[in-house]
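4 protein chains.
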Amino acid sequence: MSFQMPEYHEPDFKEAKFQNAPDVKVAVAEKDGVNPDYYHSTSMYPEYFKIDGNWVLAEESRMDSSVVIREDGRLDVVEMRNIKKGDRVILGRSENCEEGIYLHTTGFEEESSATDNFVFRYGRSRETAFSKDYDNLYELLKYEKEHGSILWVMGPAFAFDSDARNAMQALVEHGFVDGLMAGNALATHDLEGGLLKTALGQDIYTQELKPNGHYNHLDVINLVRRSGSIPSFIEEHGIKDGIMYALVKNDVPFVLTSSIRDDGPLPEVIANAYEGQNAMRNMVRKATTVICLATQLHTIATGNMTPSFRIVDGVVRPLYIYTIDISEFVVNKLHDRGSLSAISMVTNAQDFIVHVAKGVIDNY
Amino acid sequence: MSFQMPEYHEPDFKEAKFQNAPDVKVAVAEKDGVNPDYYHSTSMYPEYFKIDGNWVLAEESRMDSSVVIREDGRLDVVEMRNIKKGDRVILGRSENCEEGIYLHTTGFEEESSATDNFVFRYGRSRETAFSKDYDNLYELLKYEKEHGSILWVMGPAFAFDSDARNAMQALVEHGFVDGLMAGNALATHDLEGGLLKTALGQDIYTQELKPNGHYNHLDVINLVRRSGSIPSFIEEHGIKDGIMYALVKNDVPFVLTSSIRDDGPLPEVIANAYEGQNAMRNMVRKATTVICLATQLHTIATGNMTPSFRIVDGVVRPLYIYTIDISEFVVNKLHDRGSLSAISMVTNAQDFIVHVAKGVIDNY
Amino acid sequence: MSFQMPEYHEPDFKEAKFQNAPDVKVAVAEKDGVNPDYYHSTSMYPEYFKIDGNWVLAEESRMDSSVVIREDGRLDVVEMRNIKKGDRVILGRSENCEEGIYLHTTGFEEESSATDNFVFRYGRSRETAFSKDYDNLYELLKYEKEHGSILWVMGPAFAFDSDARNAMQALVEHGFVDGLMAGNALATHDLEGGLLKTALGQDIYTQELKPNGHYNHLDVINLVRRSGSIPSFIEEHGIKDGIMYALVKNDVPFVLTSSIRDDGPLPEVIANAYEGQNAMRNMVRKATTVICLATQLHTIATGNMTPSFRIVDGVVRPLYIYTIDISEFVVNKLHDRGSLSAISMVTNAQDFIVHVAKGVIDNY
Amino acid sequence: MSFQMPEYHEPDFKEAKFQNAPDVKVAVAEKDGVNPDYYHSTSMYPEYFKIDGNWVLAEESRMDSSVVIREDGRLDVVEMRNIKKGDRVILGRSENCEEGIYLHTTGFEEESSATDNFVFRYGRSRETAFSKDYDNLYELLKYEKEHGSILWVMGPAFAFDSDARNAMQALVEHGFVDGLMAGNALATHDLEGGLLKTALGQDIYTQELKPNGHYNHLDVINLVRRSGSIPSFIEEHGIKDGIMYALVKNDVPFVLTSSIRDDGPLPEVIANAYEGQNAMRNMVRKATTVICLATQLHTIATGNMTPSFRIVDGVVRPLYIYTIDISEFVVNKLHDRGSLSAISMVTNAQDFIVHVAKGVIDNY
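Chains as they are written, first to last, in this note's numbering: chain A, 1 to 364; chain B, 1001 to 1364; chain C, 2001 to 2364; chain D, 3001 to 3364.
Calculated directly from the structure, the hints in this document are not laboratory data.
Computed from a predicted structure; not experimentally measured.
Among the hints, a few may not be true.
Short, incomplete list of chain A residues facing chain C, as computed with Cβ under 10 Å [stated by the list, open to error]:
1. Ser125
2. Arg126
3. Glu127
4. Ser327
5. Lys333
No residue lacks a Cβ here, since even glycine has one placed at the ideal position from N, Cα and C.
Please model the complete structure; the sequences and the hints are all you need to start from.
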């Protein structure tokens, strides 16, 4: 059974509530990074705004942000910190046309109940059956490889285990990775694996702790900093395997963001968290499926900026977001989105990625 | 790389400490189920006792039990509750020959460091690399299928997911299962899957909750009780798949033990917990590898009664015990054994079992 | 603010659906321990059955059991295993009068929303605010001490920590404990604390591991078995503190049930799990508040047999059930009951019990 | 029993290995932020370096950093990123005088075994006994209030619960807080509590979700940004309670660092993660006890930069570091330090802080 794209249904703007709704109110921001009072804040769902009598969709949305009407009538969804003095910010805190704002939570509903393919399910736990989720994911990834864009978000555990690292490398090489977002640690330990076959000084296959192995990741960082960039390091040191290697060789873009836990950091890591958020959101803008693996920090950050829909060639489609983590606490943080397009799985991410590689790559 | 059996080294009984040691002291139990004061209590390691000047190994040991010298000189390792009035119980609480007792913790040491195959490793967590553990396990299972005996201990989660249930069925059918120990719930929900394709009323593939599905497991229990046994139920209701089905069809023995959580129970469940322990220990006596999956209760119970060694054809070999659970808390409970033969993996047991089936069954 | 008892509202039996409903159908059990087909199975809510034109409440209910009409017209809620050949078992699997059965889930609703005291709340996690839950619990316990019956269900962790053990002892001595249900381990380690100041050989205050401390709990079990009972052991060995001591001295009944994990067991432990369930349910029948602490096994077992209501002096009132555990997975297992009377808190049970002692005992 | 400071024992530099050791080797950094090859990297323990025949202690150390010899002979422990071209960096990767470097792990050992007060203990879990840890901590905090400096590191959960928030406010007001490190969320939700009595829109006492409550934290951030700073916001909006309020009123310094999860951020948050690390390390330099509560990110970050010792008035003393978290996985991340001064407790941080307030503040 191959992947079936759910069809999107626009609201019926001929209904009285839409016809009778007022235009949205607007106020001008008086200061950079500060909203006017009673600013509207967005959700992850499609939202329509009545402007000059027409209902306009904010096309690239995200949660907890403001809507700015540009000179050309375009609607930009802008984080508070990115508001500029003079921006015309939409006001209103109701969602059913009362103030010219309509939140459309049911755009995909009919199809989902018809096909029962990606139904929202409650209460994911270690005891949930995930067989169909795997099968659905395989079909989705094959579809997205051809027609969409798959963004991966990873914690460092992937670099600790050789099978997981190999599986991720293979997914890159077979075209299932259109972008990657991670932190300094994933890149560092993956490159450590490439140079020294260890992660944090432990052999990534045998788990053997190498003599003075606690120097390994520091040495790798030092060498990358000396080389000036990850691609230069890979070139100069003859790295031949790993996730970062595969990304660089296949021209897959990546964003590495910082955290106060970092050693180093590597040159590519964006030190400023909010510039990091901007770079992440720019990656998310292209994604049609996002897969978050074994990282509470990056998963929540990504979830905050990922809407439930994407417009491709003028057509609204779901933006699928997966969370895979061994902790129910973490998956439930994102699962609370309650959207049909958010799927959570409770497992070890190493096992997950090996299953996925076997599920989508022939003869893996 | 195929499995290499570690070689066992007996203590060197010519050493002075063995030569100079006294014979063990013994006292007679005065009451059923009660030890004499200062009784010796066993560990999971091989233990030798000096009797009439000779060092004798207690061949079938387990933790926290007493050693009884039988009429014929044989040493039985007996749980306190199974002590009978008149039993001659060994006394002593030192382990290095002082009282005629020697605890041999290093019998396999040389080999393990030579091959580095099954080295004890500290600090298993969700971030540990498990690639080599999987590979080792595949080799071990292939070896044990031919030369040993593989005992599985399972929580109910296996019956909740169709892929996991299929993988376990396949492992039975391909000869990788020589015994199974579980509770009422695993058997109940597996049979529910066979009769109704659900577990606790949810479709085991789609997760869809069936109308009045909360009756499903109760109905299954009721029908099995009416049939009188699991094999009769399978026969009468035409069950054609599942774990219990495969066990029955392939004459693989199973022990189902009770807990106060049980519905029903099914007829085969041993209501008395201590008779249940006796039945479990009898299964363990035959096992050379034990794999405990996703059950805190049964894992700890099994760990308590499983020694670190087994005698096969007169030769002492390791008894391997694996614990697979998604909770570090649970795996560490058993991991504290600290034996080379205890391996823990932190993951979802459904993913684990599918990996194992793919790892040991050709073209699975 | 003192505790306010929510008022119960009977269904309005004058409504057409009640008036027009048929009498329930009944079938006779043909075999001990087996239900007739299409038996009705109960929930934790009040359920009414139309018999000879009258709606009758099953007064002492529990989940997943059958309803038997006795000769005298009384309705007994009976577990499948306790059904006897000849029992007249109610049939039907609808809940809104269609087959003479009415499930009343909203009996307390108005009051709860009025007082907002014990509102059901979603999504308990480590980050939930528990201040008001504590305050509510303190008020509830003070009320129940005078007018109700408080049943405690405990895992072994309480015996491991001296402050927790002292707090629980104090709660018994101050009249806040009307019954206790636990396993062999809680009693064993608590008595070990009384005799040797250790639990599993570790000092319960300093955590220091005593020499040969792994014998301590086995010795305690052996001595209790020799004494023949916990009260005799306490008497003979001059135990002067602890939870079991306080229960015995204050004539508070306790039920100890078995598990396959047990060492020993102590003489009072009920070996047969289903006789254990019967004894537990008999304790639950008297309880108006149940507090389950740090035990997955006993918490789920208790939850299965605990209804959401209790009849005291002919009046229906809520039966409150609390689950306290450090694992979201465990509390959510019970929280899924979704009743106003089920409250979950995610914390270390040792800290919890010390807070409770300080909250309800003057100058503790 | 009041707190006893362990006495520090310098190495005996008259021993042959110290006398015969060579001076350390040094190389000059050729590039900002890059170490010379074979640079030495520090641990959390006191480390001595032989320079011109004398053994010199690096006084303000931290893990995973380089040692730079300044013009005046002072030793600075410098993170790789802060190395400047021309810095004279110590080389060497042995720790027992071979290369003029000595790592002193046993400086406090005698005392600790004598008093058994703060002994390192293995295997912290939810079942560990924490009574003595609490008592020790109370004594330590009373001592540190007078003679030391107490630094708190907090996750956002403290702002979610009114009792926890009150307890922390009281600890500030009674002088038990000399500094606080946290993220944007803790400050935001605490100020939300001060302005609106909610956190993330939920009443911090009743847990009631307020209408449009999801705007609350965004509004608070917006208002603080408009005010320009947290103190101005507190002043302008008449905030009268909470953690941030207490810090500002009592002139207790705080450092707020960024993460990619942040909304806003508040004006005081340091956007650049590495400038944030610098600010954190400057706070840590003054601390004698550090308490990390319910935050994986900040706990690990703090642990990385916190040595096991501190020099006060020329005397070396332990720097105590506590980790309190509900997850064994998190506490074990820090517990692996294995130092006598690292104590972990597994519990809900809300319960912990209320216990601490009651334990150190009279009549709380």
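Hint by hint, which ones does the structure fall short of?
none
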